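Same order as they appear, the protein sequences are chains X and E. Mapping the first sequence onto this note's numbering, position 67 (from 1) lands on 196, and the numbers just tick up by one. Mapping the second sequence onto this note's numbering, position 71 (from 1) lands on 89, and the numbers just tick up by one.
I should point out that these hints are in silico values taken from the structure, not numbers from a laboratory. Because the structure is a prediction, the values reported are computed rather than measured. Where is the CB? At the ideal position from N, CA and C, for every residue including glycine. Just to be clear, a hint being listed does not mean it is correct.
[To be verified] Cβ pair distances, simulated, as ranges:
hint, chain 1, residue 1, chain 2, residue 2, range
1, X, 201, E, 33, 44 to 50 Å
2, E, 23, X, 199, 35 to 41 Å
3, X, 145, E, 21, 31 to 37 Å
4, E, 95, X, 201, 42 to 48 Å
5, X, 143, E, 25, 37 to 43 Å
6, X, 160, E, 62, 40 to 46 Å
[Said to hold, decoys possible] If the Cβ cut is set under 7 Å, some of the chain E residues that face chain X in the computed set are:
hint, residue
7, 59
8, 61
9, 63
10, 66
11, 78
12, 79
13, 82
14, 118
15, 119
16, 121
17, 128
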Amino acid sequence: AQTVTQSQPEMSVQEAETVTLSCTYDTSESDYYLFWYKQPPSRQMILVIRQEAYKQQNATENRFSVNFQKAAKSFSLKISDSQLGDAAMYFCACDPNFGNEKLTFGTGTRLTIIP
Amino acid sequence: DTAVSQTPKYLVTQMGNDKSIKCEQNLGHDTMYWYKQDSKKFLKIMFSYNNKELIINETVPNRFSPKSPDKAHLNLHINSLELGDSAVYFCASNRDGNYGYTFGSGTRLTVV
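Required output: the full structure, derived from the provided sequences and hints.
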């Protein structure tokens with residue numbers, strides 16, 4: 130079983146600045162995947178970035194990058210050069226690699242972009 | 019072409035009614051899921067199917083019954099709807115290798 134904790138219910142950032150969203154997780158699995166999903170007001174769930182736990186290198190996707198600290202079970206998301214379109218709920222999620230795969234989500238962080 | 023499509027997008031119904039939500043994916047993925055997002059935006063898995071076989075059945079009232087006629091379709095039927103069933107229901111699919119789940123656009127169910 131896994132649990133995912135997002136301790137920041139809301140965050141705000143000035144347009145063009147950088148913001149970091151926090152996530153910690155707990156899992157008994159030795160191999161797993163971590164994800165960040167974005168949910169804008171349209172309610173569509175959009176995959177932002179994916180990290181394989183056995184890879185030490187932090188994943189990056191354009192302006193989005195993660196700081197993956199496996200020993201600390203921490204998986205934060207950094208958004209650089211924030212844009213108005215980044216305003217959304219952001220969900221951290223964990224999925225074991227083997228067996229009954231299922232995403233376990235955190236409670237989400239609402240990100241507001243200040244023009 | 020929509021990768022994971024759900025119908026309907028909105029559903030308003032009275033307590034006690036029976037309703038269905040349909041989901042289809044054209045990605046060729048083997049595994050499909052139903053997730054429920056409550057009023058506080060919390061997402062929780064309900065069911066998963068792999069190639070038409072039920073894999074995960076979380077603690078969900080037996081009024082909820084998933085059906086997978088083939089690996090591209092996963093429907094959700096809900097009997098005797100209750101006020102507490104009001105939520106957004108998401109269908110999702112995933113392929114082997116876990117490259118990231120693809121979600122449908124969700125069905126907002128409102129029970130009055």
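To see whether the hints hold, each was checked on the structure:
1. 201(X) / 33(E): 44 to 50 Å: Given about 47 Å between the Cβ atoms, the range holds.
2. 23(E) / 199(X): 35 to 41 Å: holds (37 Å)
3. 145(X) / 21(E): 31 to 37 Å: holds (32 Å)
4. 95(E) / 201(X): 42 to 48 Å: At roughly 43 Å between Cβ atoms, residue 201(X) and residue 95(E) fall inside 42 to 48 Å, so the hint holds.
5. 143(X) / 25(E): 37 to 43 Å: holds (40 Å)
6. 160(X) / 62(E): 40 to 46 Å: violated (23 Å)
7. 59: holds (5 Å)
8. 61: OK, holds: residue 61(E) within 7 Å of chain X, min 4 Å.
9. 63: holds (5 Å)
10. 66: holds (6 Å)
11. 78: Since the shortest Cβ distance to chain X is 13 Å, the answer is violated.
12. 79: violated (19 Å)
13. 82: Given a least distance of 16 Å, the restraint on residue 82(E) is violated.
14. 118: At 4 Å from the nearest chain X Cβ, residue 118(E) passes the 7 Å test, so the hint holds.
15. 119: Nearest chain X Cβ about 6 Å off; hint holds.
16. 121: holds (4 Å)
17. 128: violated (14 Å)
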